[in-house]
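**Student:** So the chains spell out like this:
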Amino acid sequence: MRENCLKTVYELAKTDERIVFVGSDLGVGVLAEFKREMPDRFFMEGVAEQNLVGVSAGLAMEGHVVYLNTIATFLSRRCYEQVAVDLCLHNVNVRLIANGGGVVYAPLGPTHLATEDVAIMRALPNMTIVAPADAPEMIRFVRASVDHQGPIYIRVAKGHDPVVTTDTGPFVIGKAVPMRTGGEVLLVTTGVGLQVCLAAADKLAAEGVKAAVLHFPTIKPFDTAALHAHAEAAKAIVTVEEHTILGGLGGAAAEYLAETDLLASRRFKRVGIPDVFPSVYGDQNGMMRKYGISADAVAATAQSLLAARPKAARVAA
Amino acid sequence: MTMPRLDDRSKDLRRVIVRTLHKARRGHVGAAFSLIEIFRVLYDDVLRFNPQDPKWKGRDRCILSKGHGCLALYALLADKGYFPPAELDRFCAADGILGGHPDAGKVPGVEASTGALGHGLPIGLGIALAQRIAKRDSRVFVVLGDGECNEGSVWEAAMCAGKHGLSSLTAIVDYNKHQSYASTKEVQDLEPFADKWRSFGFAVREVDGHDVAALRETFKALPFAGDKPSAVIAHTVKGKGASFAENNMKWHHKNKVTDQEVEALLAAIGEA
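Chains as they are written, first to last, in our numbering: chain P, 5 to 321; chain G, 181 to 452.
Keep in mind that the hints were calculated from the coordinates and are not lab data. Honestly, I wouldn't trust all of these hints.
As the list claims (entries may be wrong) - As a list, the in silico DSS-like pairs of lysine-lysine whose alpha-carbon atoms are at most 25 Å apart:
| # | chain 1 | residue 1 | chain 2 | residue 2 |
| --- | --- | --- | --- | --- |
| 1 | G | K203 | G | K191 |
| 2 | P | K39 | G | K315 |
| 3 | P | K39 | G | K343 |
| 4 | G | K237 | G | K315 |
| 5 | G | K235 | G | K203 |
| 6 | P | K18 | G | K203 |
| 7 | P | K239 | P | K214 |
| 8 | P | K179 | P | K162 |
| 9 | G | K203 | G | K286 |
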């Protein structure tokens, strides 16, 4: 996914002189062809994220579309004030390509996990947040990103993620994608949570329960219309994300649903990483399983919501 | 350091600042008075700009990175016609465009919204790189505070600017030796300050930041080297021009400014 993302940026830059690439201290040979063919628009400026974001803002203020790439947690935590002030306050066209969103770097420990990046980016006005599920969706997104006005946080998954998206048309920023429709369960997800949810829906189907899957490759702006329309048909709604349950996709869904009457007669549950720094290593899939982000656990969560007694109207005495 | 008397223009610009803070009854007086000669010389003698077309591509870009010094910048922008002087009387008003820190989205002539420290030099560096890509000869000036140079992001940008050898970029430090709590020596000593900038790849000159002729001469010599960014360390006095406010920490940021204090400031400026 990362390679396809960067390759697409390179392809676009060949014909669009506005496009500039800024990296920190990336792996040897990254975008060598970009550097060779367009050296004046290729910058590798070291392990200094505050400066990288400020420099990118300055380039964007002069009309460039800047693709800035480094590891997700360093691009979100380390330079948050620069992201807020230099990018969001000025509303400039800088795209943050954030490698290893979620728990991709599970073996490297909690300093390298980006498990609250969506939550903190969501809180910033003017910010757009995307988390494609697979490489084809990432490529479609990058093509759509060039002319978007304002900063974008791009959550990049591990790579070689199973291809599950089927759309081939233009990526529409801000639109959710219904992958399965209809059913008493609605699974709401983003990024590689989609693969988990599709497998969970298969498992539920085998158990005789039909589940809809609504994919949010854009988390902000949040497509509340799509959530509303698909929630109406469901009895149980489960959000699934490779992220803390605080303030991310589950938070966005909960905020919207709580302000409608949709939860009055529906059960709702957020699946994700609880409010902890994960204390184990292993690998991404193992860590996701540990916190219930797996087909089996999501299916079981959905079943438990369906099995719960229907909500009774509660009126204060 | 010589301490020349302030001429009429320097005094008038200080009076404009006092007028501006009078209505709001607040402002960073010390920083503004420290900066006024630097901005005066930049806008009178150095920068290429067009108030009728603030976004003119051929302009030089000037960023006030120590955003709390904005009263000095506002005085010059009003003087040059970027906005009507009457706007100064709405400083910090809810519906005014002039806040306690400059907002690029509201104020014509302000290149970047600052206030949080350590942002101007990275942004200015990016802007300078864009001029290089465009093969445009516009220059970039970033005005920093000394306390601001405590921020690591300043030195990240300095290291990066040095690497690129961007002679179109000039960092000007308003070195009044005082920050909010106490002297820079006590809070976070910057010395050897000029050597720090040199070691990061800058060509450096030091100047009396209130000596208009010396500032003109220094800026006229830019770039100080053809293959390096330049740094001007301007030795200044916080609160310069109002004797009782000079080097007086109570005047770093002042609120609830009284009519009597305004009169005292105007009287002191007259005697400076």
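**Student:** Each of the hints needs a verdict: does it hold here or not?
**Tutor:** Hint check results:
1. K203/G <-> K191/G: holds, 19 Å
2. K39/P <-> K315/G: holds, 19 Å
3. K39/P <-> K343/G: holds, 17 Å
4. K237/G <-> K315/G: holds, 12 Å
5. K235/G <-> K203/G: violated, 30 Å
6. K18/P <-> K203/G: At roughly 54 Å apart (the allowed maximum being 25 Å), K203/G and K18/P break the hint.
7. K239/P <-> K214/P: holds, 11 Å
8. K179/P <-> K162/P: holds, 23 Å
9. K203/G <-> K286/G: holds, 20 Å
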